[in-house]
Structures are given as structure tokens and as C-alpha cells.
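Since the structure of chain S is provided, determine the placement of chains Y and F with the ligands on it from the hints.
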Amino acid sequence: MPRSTQGFDLTDLQIPPLEHIAVTDASIGILKESISPKKMAFKRFMHHHAAVVCTVVLAFIVVFVALAPITTRYGVNESIFKAEAGIPNQNLAPRAAAWFGTDANGRDLYSRMIYGAQISLLIGLFTAIVSVALGTLVGAYAGLKGGKIDDVLMRVTDIFLALPLLVVLVIVRGALKNVDWVVAIMGDPGSVRFLVILLSVIGWMGVARLVRGQVKQLKEREFIEAARAVGASTTRIMFRHLLPNAVGQIMVALTFAIVGAITAEATLSFFGFGPDAGSGLTSLGLLIRDSKKAVPPGYWWLVVYPCGLLILISLCINFIGDGLRDAVDPKMLQDS
Amino acid sequence: MFRFILRRVLWMIPTLLLLTFVVYCALRLATNPLASYARSNPRIAKQPEKMQQYIETNGLWDGFGGYVRGYFHWLRGFLTGNWQPSIKGSRPVWPNLKQALINTVRLGIVASMVAIPIGLAFGVFAALKPGKLRDSAVNTGALIGFSVQPFISAVLLQLTFAVLWSKWFGSPLLPTSGMYPPGHEGFDPVLMLKYMTLPIIVVSIQTIAAYSRYMRASLLDVLSSDYLRTAKSKGISDRRVLIRHALRNALVPIVTLAALDVGSIVGGLIITEAIFEYPGMGKFFLTASANGDFPELMPWMVIVTTSVIVFNLLADLSYAALDPRIRLD
Amino acid sequence: MTTVPALSIRDLNVTFKTLLGQVQAVRGVSLDVAPGEVLGVVGESGSGKSVSFLAVMGLLPKSARITGSAVVAETELIGASNKTMRKARGAKIAMIFQDPLSALNPVQRVGHQIVEMIQAHQSVSKADAMSRAVELLDIVGIPQPKDRARQYAHEFSGGMRQRVMIAMAIANDPLMLIADEPTTALDVTVQAQILEVLERIRRDLGTAVVLITHDLGVVARIADRVQVMYAGRIVERSEVVALFEHPTHPYTQGLMQSLPGPTRERLHPIPGAPPNMLRPPSGCAFAARCPHSIPACSLEIPELRPIRGSESACIRAEELQEVLS
Ligand SMILES: Nc1ncnc2c1ncn2[C@@H]1O[C@H](COP(=O)(O)OP(=O)(O)OP(=O)(O)O)[C@@H](O)[C@H]1O
Ligand SMILES: [Mg+2]
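These protein sequences, in sequence, are chains S, Y and F.
Under my numbering, the first residue of the first sequence is numbered 735, with each subsequent residue one higher.
Under my numbering, the first residue of the second sequence is numbered 163, with each subsequent residue one higher.
Under my numbering, the first residue of the third sequence is numbered 36, with each subsequent residue one higher.
Bound conformation, chain S alone (with noise of 0.2 Å):
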């Protein structure tokens, strides 16, 4: 019910910097000359120990997903023992010839988990990417201008944040799929496109209010008006000085915005809203709406992997995300 359980919504979690290690501001002074931002910026991240485990185990998971063919057992869609008809494959608890057990279908369970976090993976990233670049450059843009634009951006982005994200992007998406020329561009409303295209279309609004913030604070400081005396147009002022130096809560942004659309291809996948099982290919958010099945005839294993394996993932980024934010910790950046 908070509005930050809706996924998406950064700007929530953008509450003031978690600083708990005793490096002050009065501090800074010292570590400025002493050690670059950048590397302070390491150091501080390496001492989130947390984060770091969850870096090498989402890498080992991004790895071993990567490898599908080879670290998988089965194909997507293939179930398990065909050669030897009679042998019934469906529903099989975890065992050797299935190490998570099999579902309704006879599918390999393992493997399934495999293929679809390869696309949970994709979509997270593919969207992050465009919300995160579209989010940044609208939120720089409004930021450095302010004024109409800028209150225009923030009246929009309020109404639609502040309403449940299941609820926009099933209209949303109903919308869209009904307009002949909007599915030519994004393509079948049961594809992996349509839904990274969709998720981007709400996703960006939550970045870019962060940048937008981040933009109003590095204004006031003296490079930027610096470089506005010496007639810098506003382009260049973006991207030559705003954008390197947000470049730290762009990646906090980017990290939550992975996770923000993991959650809500799994949301709309568990709903039925989701891309399509058809097509061969599986995702974690359409394994869990597989699980909703097996609650009632009890088959644990159906439940727990997949569910297991998505909150891995999302603590994971979720933990890398919280690590990043601590080491580009914003009050280091307005002093520096």
C-alpha cells in the first residue's frame, strides 16, 4: 500500500542518504584532498558489505543465466522423459532427472526458471536503459529550465505515480493495444517489446523526478553558473556539466528502475497481463502465476523456486541499489 510497493516508484525511495559510517561534513575537508570522489565513492560501496556479497551473486546469477543452453537440462517448452512414453512426467517432486521438479506440463522446472529469468533479466534491463535515458533527459531538461515546463512535468508525474501502478498499466496497456498504429510500433501486445515499450512509457516518470532534483541542486553551484556566464547554451550545460556530475544518482536510479520493471513484468505476468506463454518462451512473473495453480493440490516446489528465485534477484538489486546510494551519498557531492 505505500507507494513504493508499486514497483516503479523511485522517488520514495529517494529519502535522504543513509550515512552510517562516522564520516561527517565536517570531514570532508580532510578526505577531499586526501582521495578522489570517485574512489571515495569505491571505498564507501566496498565497506557496504551486504552490497557486495549481493554483487557477486547477482553476477554469478546473471552468468549462469547467460549460459542458458549449457547450464540448462531441457528446452523451454520440452518435458521431461518423452522417449520413454507411460512414465508420467507431470507434477514430479524435485528428483534426480528434475532437480526443482516438473510442472503441470512435464516441463523441467529448473530449466524453466533458467530460460525465464533470462527474460525477467532482459526486460528488467532493456527498460531500465530506456526509462533511465528517457527519465534523465526529460528531468535534466526541466530541471535546467524550470518554469512552465517544469510544472507541467511534476503536476503529470504526481497524478500517475501516485496511482496504483497495476491500475495505469493494465489501462494503459488496453489502450495501447487497441490503437492500430501504437501496436505496429510496439508489436504484438503478447511480446516481449510491447512490454518493455510499456514499462518504459510509466517508468520514466519516477527518474526523472529524481534527476529533476538532483539537476535543481547541482544548478545552484558555481560551475554551472560558471559555465552559464560564459554563454554555454543549455545542451551543452546538460550534458557537458549537469549529466557527469548526476552521473552517481543516475546509477542508484538505473539499479531501482532494473528492479522497478522485474516487479512489474512479474505483476502483469501474474495477472495475465503479461507477455505471452505461448510464444515459447517463459518468464519468472509467468512461472509465479504458474505457482498460483499449485497452491491448492500443494505442490511446494512449484511455489518455492520461482518465487525464491525472484526475491533473490530483487534483494540483490535492491541491496546493490541501497549500496550505490550510500556511496554517491548527495550530501558528499554538494560539498566536494
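Since the hints were made in silico from the structure, they are not lab data.
Careful: at least some of the hints might be erroneous.
Stated by the list, open to error - Listed next, with one range per pair, are the computed distances between beta-carbon atoms: (1) Y:280 with F:190: 30 to 40 Å; (2) F:157 with Y:335: 57 to 67 Å; (3) Y:348 with F:97: 52 to 62 Å; (4) Y:173 with S:955: 47 to 57 Å; (5) F:192 with S:964: 35 to 45 Å.
Ideal Cβ positions, reconstructed from N, Cα and C, are used throughout, including at glycine.
This is chains Y and F with the ligands only, laid out in the frame that chain S set:
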């Protein structure tokens, strides 16, 4: 103050008009009410003049001009209480919507009253020893909470407390769907609370996680402020410093956030309600959108957006009431 | 000085634990402030002025390690129990800060904040405390104190806010008032008024004042003695007139030349930067920037010693007498 409220309330009218117009267009596009109607009434669909009549009585004209006309047609009906009946089953919309609203608000309020104080307590607990074990523990717990999306926790809880529990101990510990057992009549708070337990847990996980972080951040901010140093330099007791100065000031932004969150309860419990078959607004929305039922969805959206906007105003007012620096005019 | 000092600090050391190591913010500071005396404390940013006195007040974060001794009215404050500390703070020793706006609680009426200070140390009724608070606001020169007591900090001007802070600080008639750059955030005319208030308090109430500042002009106006700090140590201490006429430490001279004054048009900032306090130099901390330094300067940390009625921590103080004045 009064003038501020008046102005804001007056501003809400154009905002709502614009917003409902956008929603109207989006919903018309998304649900295609005419097609839904044809699907639900295959016999009428074969009679063009009856279909034309449906278009005229419900303002379902096409094209941008048609949408604008249709919007005002809908608005007049909505404001005068002449709501269109639902497409599926042709029932009046309001009685069901009202019941759904009551059920959701009930669930949301109980969950908030349980979860927000717990979250705040965790936040305070962590902020008092920043960087120490308890702080990392709360932080880790909050991030785990964020990572366990409601549909995951719901499925896992159902599996554990209903299915596996009855396998191990013979009968399920807690009911997993609905608000009462099937066929139950009347109001029974104890029974209802039993049915609400799992949904409340699901909603609470994320709420606790969020509020523990809000509170921790807000309190740390105050604890490092100059005026807190002044308060300490006065020689008053630590308890007084903490309660009168630190907590009092740290709660100001939290109250505002809570007001915003309460405003989004109405449309925000969809996932939980859907999984637990809880007869609330979320369930209403999902059923209506599955049927492409425009006459049900439109008032639903009006209620949800109005709630968001009204609580936005309340959040501003609460901020002004708690912080004398904020001037409303 | 035969009287018991209002504040007596001996060998105060403060280090902070940070991610990069130990920051040695204060390294062996000793001083006495006589009752009713105004001691000016000057030095560059980061020289440990604030930290020294925040340590005395027990207001440093937990990452600070403090050793040494600080006695106010026979009460040892360093390492004191919570209770002792609470009894001393606000009653025997009070402090005001640079930015009065952020130092006042934004959501409490100022009168109430003063009342809280009074009731922390005197058992009086709320009404009595309030009339005393109004009286205090009057003493520090706030017009219509009765109405003003009901207002919030943001409704005051900068100078008025600092007056409120002073009113609060003197509410319990402390022996010792620490003023950490009380005028830095204010414009010049207001600065003068605040200094006047401090002066009057010292005169009428006999409160000793430690005035931390960057502004030698402020020191010249109101201080009796001045102490110059550099890299966590006191490098020179003397009567205010003596300091301006013949400084006994090259750093003091550099400091005076780097600040705007009535006689000089051109400023000569001291070249170089203060040392890294994670690894302070083994000898005189100023040696690296000092125009008069010799190899012997870097051998060991020079102690403060008397010279010509002042105290100096320069090993060449005698030789340099001519050059410095
Ligand atoms: N909480 C802290 N953690 C780490 N280092 C600190 C902390 N507080 C102060 N320091 C360091 O202690 C040293 C002394 O700081 P202090 O605030 O006393 O300087 P100052 O002389 O008051 O300077 P200014 O004139 O700027 O107020 C500085 O080098 C500062 O970096
Ligand atoms: Mg200072």
C-alpha cells in the same frame, strides 16, 4: 488558511474534470464498451438498430469529437445519479461498488494501523544506533520486505498456512479466501478478522519495510540537526530530547507520507485482494476489466483518483498544521 | 590569576574515527578562562576551535574519542556521567552557535524553548518560567518580548534569532558562555549589536565568554585575551593588544596579513593548506607553510612557552621578534 483550502478545493474541480476526461478516453479505448456489450448480449448484437440505440443512450460515439461529447454525456449521467448499468448482467453499479469500497477501506485501515506503528518503531530502533548491528538488521529486513512482492508473499502464505498446514496438522490454520465463509450472513468482527489476517500480513510486509526506512531517515536527519544539539546543550534529559525534539520533528514528514498513502489505499490493494478473493475495490477492478465493463470501471476510477487528490490536499494541510514554517496561501 | 577559573582545560585531545583512519582534531589543548573574561579563539577553518569546546560540552558524535580534563565550577566534564553532564550543561556552561536559525527548534515557540531551559535547572512553575523568559528576551534587547515569545524562530530576523539564543544561554546564569562564531552568519551592523549584547552580559552578569571567530576585528573589539589555534593546537596566546602589536608566532602574523584590516589594502593569504589531520606532521604543524622555518622546526612538537608577556609555540620566537612585529 480557510482561503487556501477553498482555493485548493476549487482547483480540484478542473483537475478532476481533466483527469476524468483522460481516464474516460483511455478506458473507452481500452475496454471498447460497445464490443463488450455485443459480447455479453449476442442476440442484441445482431440487431443494428438496438446497437445504435445503445450507442445513443450511453454516448459511445466515435472519433475525438465523439469522445468529447460522450464524456459530457457520461458526466451528466454521473452527476445526476443516472449511472449506466453494468454491461455484464445489467446491474446497478453503485451498490456493489459501495460495498467494495467499504471492504477495502476496512482492510486498508486495519493493515495501516497495525503496520505503520510497527514500521515506525523499527525505524526509531535503527536510527538510535546508526551503523550498529540493529541498524543493519533493520535495513536488511526492510530490503527483504521490499523484495517480497505482495503476490509472492500471498502465494507463499497460502501454501504454508492453508495447504501444507492442513497436510501436517489436519486442518488449515487460517482461511485463505474471501471475507467470510461462503454463505455467511451479517457482520461478525472476529470471524472477519480471522479472514483478514493473511491479507493484512501481506500488506504489512511492504508497509513496515517502507515506514521503517522513512522513519529511520527522517529521525537521522533530525538527530544530526543543529537544533537537536541545542536541545542537548540545555541539560534536559535524553528522553525529553528524544521525545520532545527528535521524534516530534521527525514525525512531520511521516504524517504527510501517511496521508498520501492512506489516499492510495482505495485503489492500491488490488494484488492482495485478488489473491485472497477479498471482495474489495481491487477485485472489483479486475473483474470489471476482464469483462471490459466500462460503466463499472469509470466510477471506480473516479473514486480512486478523487481519493488520491483529496488526500494530497490533506497531506498538505497536515504538513502546515505540524510545521509552522509552512504557510498556506 | 588567583581566582578560580570559570573554565579550566588541561591537555584536551580529540580524535575521530573515520573510514580513512583517525582524524586528530584537537591535540593537547590547555587553557584557563577567568570569571568575567572574554577569551577570543581564532584560527583557520578546521583548526579544531569548535571541536575543542563541543568536546567540553559533551556534544560531539559518538565517533569522537576525548581525553584530558575540563573543569567548570569544580565539576569535571570530560568523561562525566550523564547526570553530572546534564546538571552542568545549560546551568554552569552554555553555548550558542553560528547559525541561529538552524540552532532553534523550528516547530517550538521561542518562549517555550527558553522555558524548557529554565525548567531544566530551576524548579519554577511554567508561568513563572515564562515571565522570566520574557524578561530575558527584554535583557537581550528584543522589543515587545511578550509577543515575540509566542513566535517561531523563522519569524525572527537573523540578529534577533541570535539574541534569542543568547537569552536562552544566559537563562540559568551560567559561569561560562561559549559562543561559536555567533556573528559569522550576520551582516556587519547586526554583528556589532550582538557583540554589544555579549559585552553587556559579561559586564552585568559577570559571565565568562569564549568567543570563537574568524574575524580578528571582532576579537580586537571585545576580547581580553586571544588564543590562536592551528592544526588542533594552540600556537599563541596573549593579551589582545599585545597580539596585534607584536605577534610571537609566524602563523599569527600570516593570519593577520591574510585578513582585511583598516591599514592594509592588499591581502596576503598564507600559501599552502593546513596539514592532513589523519597524519599530522611530527614537528611544528605550521613548518611546511612557514617562511621562517628551519630544519629544527620539524623535529618535535613545540610547546607553548612564555615570551615577552605572551605565550608562543614557536621555537624561534625570540630570534624572530623583530621580523614578526
Ligand atoms: N564528526 C567528525 N568526524 C570526523 N572529523 C571531524 C568531525 N568533526 C570535526 N572533524 C574534524 O576536526 C577538525 C576540526 O574541526 P573544527 O570544526 O573544530 O574546526 P573549526 O576550527 O571550528 O573550523 P571552522 O572555522 O570551519 O568552524 C577538522 O579537521 C574536521 O575535519
Ligand atoms: Mg567551527
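Against the structure, the hints:
no. : hint                         : result
1   : Y:280 with F:190: 30 to 40 Å : holds, 38 Å
2   : F:157 with Y:335: 57 to 67 Å : holds, 59 Å
3   : Y:348 with F:97: 52 to 62 Å  : holds, 58 Å
4   : Y:173 with S:955: 47 to 57 Å : violated, 34 Å
5   : F:192 with S:964: 35 to 45 Å : holds, 37 Å
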